[in-house]
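Model the full assembly from the supplied sequences, consistent with the hints where possible.
Residue numbers (this note's numbering), protein chains in the order written: chain B, 36 to 195; chain V, -15 to 516; chain W, 661 to 1074.
Source of the hints: derived by calculation from the structure; they are not laboratory data.
Predicted model only: the values in this text are computed from it and were never measured.
You may find that some hints are simply not true.
Straight-line Cα separation of at most 20 Å, DMTMM-like style, residue types lysine to aspartate or glutamate; simulated pairs [claimed, not checked]:
| hint | chain 1 | residue 1 | chain 2 | residue 2 |
| --- | --- | --- | --- | --- |
| 1 | W | LYS1027 | W | GLU1068 |
| 2 | B | LYS61 | V | ASP142 |
| 3 | V | LYS111 | W | GLU1068 |
| 4 | W | LYS842 | V | ASP142 |
| 5 | V | LYS246 | V | GLU369 |
| 6 | V | LYS68 | W | ASP1031 |
| 7 | V | LYS111 | W | GLU1018 |
| 8 | W | LYS849 | V | GLU341 |
| 9 | W | LYS1027 | V | ASP109 |
| 10 | W | LYS842 | B | GLU85 |
| 11 | V | LYS116 | V | ASP188 |
| 12 | W | LYS1027 | V | ASP104 |
| 13 | W | LYS1027 | V | GLU275 |
Distance ranges between label pairs, derived from CB positions [to be verified]:
| hint | chain 1 | residue 1 | chain 2 | residue 2 | range |
| --- | --- | --- | --- | --- | --- |
| 14 | W | PRO740 | B | GLN47 | 20 to 30 Å |
| 15 | W | LYS891 | B | PRO184 | 50 to 60 Å |
| 16 | B | GLY89 | W | GLU703 | 41 to 51 Å |
| 17 | V | ASP262 | W | GLY860 | 50 to 60 Å |
| 18 | B | PRO45 | V | GLU13 | 57 to 67 Å |
| 19 | V | GLY166 | W | GLY860 | 41 to 51 Å |
| 20 | V | PRO122 | W | HIS1073 | 51 to 61 Å |
Backbone N, C-alpha and C define an ideal beta-carbon position, used for all residues, glycine too.
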Amino acid sequence: MTTRRPEFTPEQLAEVRRWQGLYPDKRAALLPALHLAQDMFGYISEETEEYVAGLFELAPAHVHEVVTFYTMYFRKPKGRHVVSVCHNLSCHLAGAPDVLGHLRQRLGIEPGETTEDGRITLLAVECLCACEMAPMLQVDDRYEGHLTPERVDRLLAELR
Amino acid sequence: MARLTIDGRVLEVPAGTNLIEAARQIGIEIPHYCYHPALSIAGQCRLCMVDIEKVPRPQVACNTVVSEGMVVHTETERVLETRKSIMEFHLINHPLDCPVCDQAGECGLQIYYMQHGLYDPRMMDEKVHKPKAVPLGPHVMLDAERCILCSRCVRFCDEVTGTGELGIFNRGDRSEIGLFPGTELANNYSGNVVDICPVGALTDREFRFQVRVWYLDTQKSICPGCARGCNIEVHVSRRRPHHAQGRRVARLKPRFNEAVNKWWICDAGRYGSDFVDDDSRLQAPTRRDGEKTLEVAWTDMIPLAAGLLRRYRGDEIGVIASPKLSNEDLFLLKRLCDALGVRAVDYRVPPARPGDEDNLLVRADKNPNSRGAELIGLGLSDSREILAAARERRIKCLWVFSHDLLASAWPEGEVLDGLLGAETVIFQGTNANATSAYAHLVLPAAAYPEREGTWTNFEGRVQRFRQAFPPLGRALPDWEILGRLLQDAQGAPRPARAEDCFRDLAAAVPAFAGMSYRSIGDAGQPVRAARS
Amino acid sequence: MSAPAAAAEPILTRNFGRADSHTLEAYRETGGYAAWAKAREMEPAAITDAVKRSNLRGLGGAGFPTGTKWSFIPKGHAGPVYLVINADEGEPGTFKDRYLLERDPHALIEGMLIAARAIGSRLAFVYVRGEYVVPGRRFSAAVRDAYDAGYLGRGLDIVVHRGAGAYICGEETGLISSLEGKKGWPKLKPPFPAIKGAFGAPTIVNNVETICQVPHIINRGPEWFAALGTKTQGGTRLYSMSGRVRRPGVYEASVRVPLRQLVEHYAGGVTGNGRLKAVVPGGASAAILRADEVDVTMDVDGLKNAGTMAGSAGVIVMDETVSIPEALMVVARFYAHESCGQCTPCREATGWIYKMTERIVEGRGHKEDLDTILDVARRGAGTTICAFYDGAVGPYISYIEKFRPEFEALIPHG
Chain B
36 MTTRRPEFTP
46 EQLAEVRRWQ
56 GLYPDKRAAL
66 LPALHLAQDM
76 FGYISEETEE
86 YVAGLFELAP
96 AHVHEVVTFY
106 TMYFRKPKGR
116 HVVSVCHNLS
126 CHLAGAPDVL
136 GHLRQRLGIE
146 PGETTEDGRI
156 TLLAVECLCA
166 CEMAPMLQVD
176 DRYEGHLTPE
186 RVDRLLAELR
Chain V
-15 MARLTIDGRV
-5 LEVPAGTNLI
5 EAARQIGIEI
15 PHYCYHPALS
25 IAGQCRLCMV
35 DIEKVPRPQV
45 ACNTVVSEGM
55 VVHTETERVL
65 ETRKSIMEFH
75 LINHPLDCPV
85 CDQAGECGLQ
95 IYYMQHGLYD
105 PRMMDEKVHK
115 PKAVPLGPHV
125 MLDAERCILC
135 SRCVRFCDEV
145 TGTGELGIFN
155 RGDRSEIGLF
165 PGTELANNYS
175 GNVVDICPVG
185 ALTDREFRFQ
195 VRVWYLDTQK
205 SICPGCARGC
215 NIEVHVSRRR
225 PHHAQGRRVA
235 RLKPRFNEAV
245 NKWWICDAGR
255 YGSDFVDDDS
265 RLQAPTRRDG
275 EKTLEVAWTD
285 MIPLAAGLLR
295 RYRGDEIGVI
305 ASPKLSNEDL
315 FLLKRLCDAL
325 GVRAVDYRVP
335 PARPGDEDNL
345 LVRADKNPNS
355 RGAELIGLGL
365 SDSREILAAA
375 RERRIKCLWV
385 FSHDLLASAW
395 PEGEVLDGLL
405 GAETVIFQGT
415 NANATSAYAH
425 LVLPAAAYPE
435 REGTWTNFEG
445 RVQRFRQAFP
455 PLGRALPDWE
465 ILGRLLQDAQ
475 GAPRPARAED
485 CFRDLAAAVP
495 AFAGMSYRSI
505 GDAGQPVRAA
515 RS
Chain W
661 MSAPAAAAEP
671 ILTRNFGRAD
681 SHTLEAYRET
691 GGYAAWAKAR
701 EMEPAAITDA
711 VKRSNLRGLG
721 GAGFPTGTKW
731 SFIPKGHAGP
741 VYLVINADEG
751 EPGTFKDRYL
761 LERDPHALIE
771 GMLIAARAIG
781 SRLAFVYVRG
791 EYVVPGRRFS
801 AAVRDAYDAG
811 YLGRGLDIVV
821 HRGAGAYICG
831 EETGLISSLE
841 GKKGWPKLKP
851 PFPAIKGAFG
861 APTIVNNVET
871 ICQVPHIINR
881 GPEWFAALGT
891 KTQGGTRLYS
901 MSGRVRRPGV
911 YEASVRVPLR
921 QLVEHYAGGV
931 TGNGRLKAVV
941 PGGASAAILR
951 ADEVDVTMDV
961 DGLKNAGTMA
971 GSAGVIVMDE
981 TVSIPEALMV
991 VARFYAHESC
1001 GQCTPCREAT
1011 GWIYKMTERI
1021 VEGRGHKEDL
1031 DTILDVARRG
1041 AGTTICAFYD
1051 GAVGPYISYI
1061 EKFRPEFEAL
1071 IPHG
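What follows is the structure, given as structure tokens:
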């Protein structure tokens, strides 16, 4: 089965070229380019890695290294929303295991999985550096803290 | 230059030398995995730590360059304890595969563990599991669990072949060597990663489970695959004929030669020794009698062949020599031709497909001794004209060495006309082929691991190959066959050893003047014209 | 409770109360960019000298004297010199840089202008951790405003570079590798970044907060800054207070503020059962202090002499209801997840030690495990490419040594 090959639009490509020019070595623009690819295509497939590798004249294996090294690049399709619960020390002391347990029960999935309707991907992550609002999580771009079961439920209700 | 002290011994080395190389010069081998002189410094395995006076903590020797007055200790208690610790770290997730792993006996983990190890393992938890027995390409097998992530293979593909197939994915103890999904490790030098892998993570697919390395003997030789003449080691299974399906050549490994091939060999050369133990090997002298092929003893074949040759005038004999023959073989052949008055002699036959060439080791000329044949004077005529003369019956006796003329660039019909036109066809070579089927006399020659000799590479470097095991059946080295024929023809005493032939060659051919097996040694020696 | 010994005057936090604190207008209203106006007339060497005399030390974790670091740049270097700001805040318990990016981005920009002049840099990079989406946008907007106002683009360009999720990119050479478009693998030292850093050029990597201090040093003088602290470390710093405290948050105080005061006065005292059990004083990588060990001052030397470190000043407070073995398991899990995998001791041992702590917490520990963890930690320390493993060793050793009976109680006998 062939899927449409991922490709940036001319505007996006121009933006990538501009980023490449900001640095002394164009390879430095790889991480931003992969963020853009993920924003555009939803996740980073192997075809996307090959495509981006071509834009940087890098062996695809070296782009694959970068994608598998960093936690924020998704290699499989993710939910419309990503809920990342911090389970590091201060959040643990403030009850992160309970927050995770509540979410597992509400969503019916384990950390690392996506709900069947494609709505939410649940992750357990390391310190997001918002310990003053522990226990906390990141939903898409923003941080939500001082979590209680009620606050979590209200949050879930807002996510379509 | 810098003067420093290592383990109480003073030495002087060029500035910029790292401590591993410096220590090596006085015979001290600092244990290491990821360092390799051909590759960039990685500093990842952390095994090569040494104590340096005035430096509080042990330092890696690979990334430390010598400085004037430096005092290094490679065997203090602290260094030995550190090595123990590092060895333990390496073995935390390494699988207990020794009983089924080909690397056993030549494994970097085994070797250093035996020297430095903590013999009571305290790791009782489940090890991290990764893919095992993954073919990376036609020649290389990956076991990701055994990998110690030294990154030599990744750096090889980036820095030597420039092909970048391999990477280290993920992070932490989930780190894993691999290919970009859907690709394969198929560059022409893929086998070299098996050599540089210190452990059994990258192993050779042909060699897999064939024979334990402690049953292997090794002999120095030269690859016959092209005009580069990469230095090799032939690994022989002598004591285990039931292993490796009875093949005597278990595997080939490159031998370091700074001037020729450094540490490497191409895959075509590494995996090109099948012909040595193939069923098509010619093992006995034979003559055609009508429809039948009769085996003949050498004591009968030599006078038979010599007699046949004497029946013709010199200008009725055509010799298509081979650039696979050694310098010794070619020298005696030239003398025989001179003695018989044969001037229709050449060694050049164009291959059906022109050979490929690259900017690393591979040469388009797929013969090891074209230069030798040229220097010794076997290019008096033109092979194609010799064949034409045979077709026209001007040449009545055609003597072909090694070539399969029917697989050449010439039209098959033209070749056949030549072969059928000659009254007598003599074939001398290691393996039967379509051409040898037309021969009236077949003289079986020893293959290169079965004999001594030298070849001259494209740069004019004369290099020795040595005998690893006796010839198959009754095959003889070409120089010996030719020596016996010369003796029969001229009454000249025949040479006892290849070295004797070379001595005569050096005395007679100016390009080789002053050379001997001794001066050639293990690294080879350029002919006169090629010396600066 | 006794009054705080350090300066009551907020310096880094002076604008935090305003809702528009991040805007250029607000920044200029409170005297912003005046230091830059002054520094542009100074010789670069004089700027470095002032920072040296202020005794400012790195506030990201290592505590290295900032002026000294700047002076490592080779004099008269012909090619480019890069200033790189480490906004890859990731040390557990630390969140002060996030506050600075969100609430006072122009302080960082002004500090960067001055620092860049001191070291001769015309191109600077700000590496923001990938998860800091909102703070990153806030900062990028401030950069755009600074360009529009003519502060940037006339001798200094700033490129904001977004990370993608890896704690190790907070290590200065791991950050450089990531900036260069590779995995965040720290680099072998030597060469040191000031000699050969980003893209092969001399580079200074400084923490956000460290650079935010620089305008104040220029404005009010290095002696004033030095006097706020100790003989070896000047100024104030931001303390991230979290864990079992009444008022978690960011608090500014002198570098020599007593830890007990931070816990009881600034953060409002211990919650849980109200009785202090332990404090992690400098982010997860700092050795833990027992309740009877918290009468120390928070400066680099003060905490070093107490057998721990000031680190990133991330203070995590634990009351008596906290299980120390569980805390160690959580921290060990963090190090195993974040190990970059480049060198053998850290890669293999962090995973193994996490497995052992997990077993212990689940009641499946073996009696040799504690000594094995201690021994493996000690044997690996000092053998790795970077200090990540040494950071892991802090908790591995201190939690077990200082609370050993609590661990032993979980291990089945016989």
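Satisfaction of hint between ASP1031/W and LYS68/V, Cα-Cα up to 20 Å:
holds, 17 Å
Given the hinted pair LYS61/B and ASP142/V, is their Cα-Cα distance within 20 Å?
The given pair, whose Cα atoms are some 18 Å apart, holds under the 20 Å limit.
Holds or violated: LYS1027/W with ASP109/V, Cα cutoff 20 Å?
Holds - the C-alpha atoms of ASP109/V and LYS1027/W are around 14 Å apart, at most 20 Å.
Take the C-alpha atoms of LYS842/W and GLU85/B, compute the straight-line distance between them, and say whether it is at most 20 Å.
holds, 16 Å
Mind checking the alpha carbons of LYS111/V and GLU1018/W for me, to see if they're no more than 20 Å apart?
holds, 15 Å
Distance restraint evaluation - LYS891/W, PRO184/B, Cβ atoms, bounds 50 to 60 Å:
Holds, at about 51 Å.
For ASP262/V and GLY860/W, compare the CB-CB distance with the range 50 to 60 Å and indicate the outcome.
Given range 50 to 60 Å: holds, Cβ gap about 53 Å.
Does the structure keep LYS111/V and GLU1068/W at a Cα separation of 20 Å or less?
Outside the cut-off at roughly 25 Å; violated.
GLY89/B versus GLU703/W beta-carbon gap, inside 41 to 51 Å or not
Taking Cβ atoms as reference, GLY89/B and GLU703/W lie about 48 Å apart, which means the hint holds.
What's the verdict on LYS246/V and GLU369/V, does the C-alpha distance respect the 20 Å limit or exceed it?
Roughly 40 Å between the alpha carbons, so the hint for LYS246/V and GLU369/V is violated.
Can the restraint linking LYS116/V and ASP188/V be considered satisfied, given a maximum Cα separation of 20 Å?
holds, 14 Å
Pairwise hint evaluation, ASP104/V against LYS1027/W, where the allowed Cα distance is 20 Å at most
Given that 20 Å is the threshold and the Cα spacing comes to 16 Å, the pair holds.
The structure shown violates the earlier hints numbered 3, 5, 8, 13, 19.
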